[in-house]
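Visitor: Start from the sequences, fold in the hints, and give me the full structure.
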Amino acid sequence: MSSDTIALSTVGPDARPIGERLHDWIVTVDHKKLGIMYILYALFFFVVGGVEALIIRIQLIVPHNHFVSPEVFNRMMTMHGTTMIFFMVMPILFGFGTYLIPLMIGARDMAFPRLNAFGFWMTAFGGLLLYFSFIGGNGLYGAGTAPDVGWWAYAPLTSHAFSVGHSTDFWTLAVLATGIGSIGTGVNFIATILCMRCPGMTLGKMPLLAWLNLVVGGMVIFGISPLTAAQIMLCIDRYLGGHFFDTQAGGSAVLWMHFFWIFGHPEVYILVVPAFAFVSEIVPVFSRKPIFGYPIMVAATIAIGFISFSVWAHHMFTVGMNSNGNSFFVLTTVAIAVPTGIKIFNWLGTMWGGKISLRVPMLFCIGFLFQFLIAGLTGIMLGTAPFNWQLSGSYFVVAHFHYVIVGGIVFALFGAFYYWYPKMSGRMYNETLGKLHFWLFIIGFHLTFDFMHIPGILGMPRRIYTYEPGRGWENWNLIVTIGAFFQAAGVLVFVFNLLWSLWKGELAGNDPWDAWTLEWSTSSPPPDYDFAETPVVRSRRPLWDLKHPEDPDWKYE
Amino acid sequence: MSSAAYTRTTAEPEWVLPSRGRVGMFSLIGAESAVFTIFVVAYIFYIGKSVAGPTPQDVLELPIFSTICLLSSSLTIHLAVRALRQAKVGAFGLWWFVTMALGTIFLVSTGLEWRHLIYDKGLTVSTNLFGTTYYSLVGLHAFHVTVGLLMIALAMILTLFGKVKPEHSERAEVFSLYWHFVDVVWVIVFTVVYIIGR
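Protein chains in written order, with the working numbering: chain A, 1 to 557; chain B, 1 to 198.
Check the hints yourself; a few may be wrong.
What the hints assert, rightly or not - Calculated lysine to any residue pairs in the SDA-like style (CA-CA distance at most 25 angstroms, straight line):
id	chain 1	residue 1	chain 2	residue 2
1	A	504	A	205
2	B	49	A	248
3	B	49	A	439
4	A	555	B	14
5	B	163	A	249
6	B	121	A	249
7	A	33	B	21
8	B	121	A	239
9	A	205	B	16
Hints listed in this document are in silico derivations from the structure and should not be mistaken for laboratory results.
All values derive from a computational prediction rather than experimental measurement.
Guide: If you want it as structure tokens, here you go:
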């Protein structure tokens, strides 16, 4: 048994002209650069989608408001949904995955670096295509510019009769292009995690982030592909005069719903499982304990991956399926709550008896735990067909899925930002500003999305442009809109913190959190080659073994 | 921590991981299967739902010859890959060429069938639901055959210039997985379109 020590070089400032350095970023196939480009690109669209959300909320602040026209409202609603799902949350999660997976499994890059670049540029192209519709999506007067068919784009709204001009084509092609990029990224995640692990890192010793992203890769290839297929069909309908979703020629609008939701529900888990991955990395480090129930966590994730493909029609209870169909989808929907619940208990079990340090990443993760629990509970309510018949298509549903996406995924994402910011930038963020961001955002979140449930129960339908006074909805909508501004203020503080800390933050060093996974053994930011020498691991916490040679993990695993 | 160190143990068994080419190709095949599944489901769902003719019974004929060609190309590509693994580059080139020829015959027959349907029978993608689903499903498959043929042609050109060597056998094998997949899909498309749907 021989051992040797690896000294790491530090990366000095790059003295080359800015044009040359930018050119490096354009042609790069390096997973760290692509990861950061994914993240910055998604942050840009986060702000754009956020502005669209604010426009929607200002329009709904009082009854009979005329802040924007009904046409613009529909465009904002469509663009907000499409942007946030396809051009914000997915790219940002792919960005973190692309950046972190090779570092965490001790590899120098992804399995297919050029495919990685292809995935990013397809996503970038898709986003440009979608927003180009504001300029290029002309049609008849009043029917042109951005798509306004809602992010589900239900047939027959997308037929030529109702979507004159090219705006819907921009939507279809943008989603199609992004989908192809995402499938490439999914393939790459799977190949990287299965084939690029450093010596000693068996599947049972991988960090949970790698495990969960392996499942995400599987869900991407089987979940995004149906959407790609459905978009091809929509293109055939719109360009070649096909009849897939043309009810006049015997086509079926319900078929589009099925195809959309066969993508749409696994998509929720494609978005939330990486968030689980962040929480599974952050909670142990800030509780100073290894993750509780690692094998169960992996098993629960795989179970979620499988079950997520059998729940899609719980989005369609009001379409009119027979009672067997309804019962099946109620049962599967309730069943998926079991592995999800197991995860919540695992995180609580990790925190239990731990030495909890309430730094900003941990604050966001604790917020995630509570909010994701509530989101899951309203999910079970909506997953029960009779309850769903009452509240489907109301603001209760909007409140529920924003609880999942904002209260769950975005909170975990912010946690991930603060946790890995020192690694990616080499500098610490400002803790005070981080806490300010957390409190502004959590207050805004609860003002908006707690109170949004109530007008839903009172019967306020989603997607409406305005509403009559005297239905008891006014005060709730006012509170909801005020909350949205708190969230916006929180995001501004966050963006300011990121930029300011990049110049003024104190140097982070390699391992500011005293963490245990391999990415913290490289310099911050890591060198181009990640690891000067391929690491060898013997347990799930290689850096613990390194720091505590007298009591290494591998003796117990 | 300013620097990092790892314990390297040289006495442990060799670290073997799956080939990324195979894993990547199997993942791609998984994604493609999902795409084809959606198109097959749409085809089956719309069987007999067209509001106007022509119907599959009226116009479709079994493409037996081209099916035999495509399916036997799976065997020839397998023989080609095996030859390359055994360092017989000449035999590889021969089998590879036969594969390309069989694939081309299939594609040309599909083209002729479409020509017959469009000009003689008046069936286009916009005629009725049958036309829409038929051209989409068969066309999606033909598109995959075309992509495969382009790749085969590229490798054929490289072979003619003497650039293909036995060490490339794994790449040829990874590609052959794709070609086998395209053949399997044809078995499903054939069953659905020409047997169940007719």
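Visitor: Please list, smallest to largest, the hint numbers that this structure does not respect.
Guide: Result: hints 1, 3 and 5 break, sorted rising.
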